[in-house]
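In case it helps, this note's numbering puts the sequence shown at residues 1 to 253.
Don't take every hint at face value.
Calculated cross-link-like contacts (lysine-lysine; reagent style DSS-like; alpha-carbon spacing at most 27 Å) [as the list claims (entries may be wrong)]: (1) Lys121 to Lys159; (2) Lys210 to Lys20; (3) Lys182 to Lys238; (4) Lys61 to Lys85; (5) Lys84 to Lys29; (6) Lys85 to Lys6; (7) Lys238 to Lys6; (8) Lys159 to Lys6; (9) Lys182 to Lys210; (10) Lys6 to Lys121; (11) Lys20 to Lys52; (12) Lys238 to Lys17; (13) Lys210 to Lys85.
For each label pair, taking beta carbons as the anchor points, the in silico distance ranges come out as [claimed, not checked]: (14) Lys238 to Tyr175: 33 to 43 Å; (15) Asp206 to Glu32: 28 to 38 Å; (16) Gln5 to His82: 18 to 28 Å; (17) Ile229 to His82: 34 to 44 Å; (18) Lys52 to His87: 30 to 40 Å; (19) Asp206 to Glu91: 39 to 49 Å; (20) Pro30 to Ser196: 27 to 37 Å; (21) Lys159 to Arg56: 31 to 41 Å; (22) Arg145 to Ala31: 14 to 24 Å; (23) Glu177 to Asn117: 38 to 48 Å; (24) Pro30 to Glu123: 22 to 32 Å; (25) Glu209 to Pro54: 33 to 43 Å.
Read the hints as simulated data drawn from the structure, not as lab findings.
None of these values were measured; they are calculated from a predicted model.
Cβ coordinates follow ideal geometry from the N, Cα and C atoms, glycine included.
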Amino acid sequence: MKVKQKIHIGTSGWSYKHWKSIFYPNEVKPAEYLTFYARHFHVSEINNSFYKLPTREIVAKWTEMVPDDFVFCPKMSRYLSHLKKLHDPQEPLERFFNIFAPFRQHLGPILIQLPANSRFKSEVAEAFYEEADRYEGYRFALEVRHPSWFSEESIHLMKRHSITLVFSQADRFPYHEEITAKDIYLRFHGPTSLYSSSYSNDILDDYAEKFTTWAEEGHEVWVFFNNDIGGHALNNAKRLQELVSVREDVMSE
Numbered sequence: 001m002k003v004k005q006k007i008h009i010g011t012s013g014w015s016y017k018h019w020k021s022i023f024y025p026n027e028v029k030p031a032e033y034l035t036f037y038a039r040h041f042h043v044s045e046i047n048n049s050f051y052k053l054p055t056r057e058i059v060a061k062w063t064e065m066v067p068d069d070f071v072f073c074p075k076m077s078r079y080l081s082h083l084k085k086l087h088d089p090q091e092p093l094e095r096f097f098n099i100f101a102p103f104r105q106h107l108g109p110i111l112i113q114l115p116a117n118s119r120f121k122s123e124v125a126e127a128f129y130e131e132a133d134r135y136e137g138y139r140f141a142l143e144v145r146h147p148s149w150f151s152e153e154s155i156h157l158m159k160r161h162s163i164t165l166v167f168s169q170a171d172r173f174p175y176h177e178e179i180t181a182k183d184i185y186l187r188f189h190g191p192t193s194l195y196s197s198s199y200s201n202d203i204l205d206d207y208a209e210k211f212t213t214w215a216e217e218g219h220e221v222w223v224f225f226n227n228d229i230g231g232h233a234l235n236n237a238k239r240l241q242e243l244v245s246v247r248e249d250v251m252s253e
């Protein structure tokens, strides 16, 4: 597998009305956004599953609108992450996978985003990881806000259960590059103004170098831009694709 094929670059969803005319031509209807998006990117997060889980029928429709190799990274329901804060995960996970399991071939890592007030508690984390382990073959990426999750005990548990600790790129979030699993998962939320600022070419080029190195080392890298306001996510994702391609071309010479 080429290095570029191990680096997946997209945005945190595709259904943004304010991308009309910025990305989606005026003649493209909202129901056709995903088909258009999939011509430019081969991966996307499903962000709205955090607020309300889609039906199996809706997910089936999405998979029919994209190529066979298109990958979705759905976001776990906030019921588990924010209301229950990973306690008693059995029922929420069963409900989630009852919807998404039939489309396993289209799934990348499952994203779980915890709130800023959710502290690391070893017994809660381990119970959740053990329940997640029951879903053999699926991968989980955990995005945290509280620094307690970066403790040695927490990192050890993630590595033991192959849970990917998400790298969150934004001024207000704690940043790290602790690799805990084969998958490396990054979310770019905006360098200064959250969701509404753009990354410079120099920053993107630095990351392109890192991604290429990690892919060469055998990691699979998942990169999503969540700075959707003003279409920054699209522009940054496209530019990063170009920078990664340039590096691969240089390597192959």
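Results of checking the hints against the structure:
1. Lys121 to Lys159: Judged against 27 Å, a Cα distance of about 16 Å means the pair holds.
2. Lys210 to Lys20: At roughly 32 Å apart (the allowed maximum being 27 Å), Lys20 and Lys210 break the hint.
3. Lys182 to Lys238: Holds, at roughly 25 Å.
4. Lys61 to Lys85: Between Lys61 and Lys85 the Cα gap is close to 31 Å, so the pair fails against 27 Å, i.e. violated.
5. Lys84 to Lys29: Answer violated: Lys84 to Lys29 is near 37 Å, above 27 Å.
6. Lys85 to Lys6: Distance ~31 Å between Lys85 and Lys6 Cα, so the pair is violated.
7. Lys238 to Lys6: Holds: Lys238 and Lys6 sit about 16 Å apart, inside 27 Å.
8. Lys159 to Lys6: Roughly 20 Å separates the two Cα atoms, so the pair holds.
9. Lys182 to Lys210: The given pair, whose Cα atoms are some 15 Å apart, holds under the 27 Å limit.
10. Lys6 to Lys121: violated, 33 Å
11. Lys20 to Lys52: holds, 24 Å
12. Lys238 to Lys17: The hint holds at about 19 Å.
13. Lys210 to Lys85: The given pair, whose Cα atoms are some 32 Å apart, is violated under the 27 Å limit.
14. Lys238 to Tyr175: 33 to 43 Å: violated, 23 Å
15. Asp206 to Glu32: 28 to 38 Å: The hint (28 to 38 Å, Cβ to Cβ) holds, given that Asp206 and Glu32 are roughly 36 Å apart.
16. Gln5 to His82: 18 to 28 Å: violated, 34 Å
17. Ile229 to His82: 34 to 44 Å: violated, 23 Å
18. Lys52 to His87: 30 to 40 Å: The hint (30 to 40 Å, Cβ to Cβ) is violated, given that Lys52 and His87 are roughly 21 Å apart.
19. Asp206 to Glu91: 39 to 49 Å: At 43 Å between Cβs, range holds.
20. Pro30 to Ser196: 27 to 37 Å: For Ser196 against Pro30, whose Cβ atoms are near 22 Å apart, the range 27 to 37 Å is violated.
21. Lys159 to Arg56: 31 to 41 Å: holds, 33 Å
22. Arg145 to Ala31: 14 to 24 Å: violated, 34 Å
23. Glu177 to Asn117: 38 to 48 Å: violated, 24 Å
24. Pro30 to Glu123: 22 to 32 Å: With Cβ atoms ~45 Å apart, the hint is violated.
25. Glu209 to Pro54: 33 to 43 Å: Because 37 Å falls inside the window, the suggested range holds.
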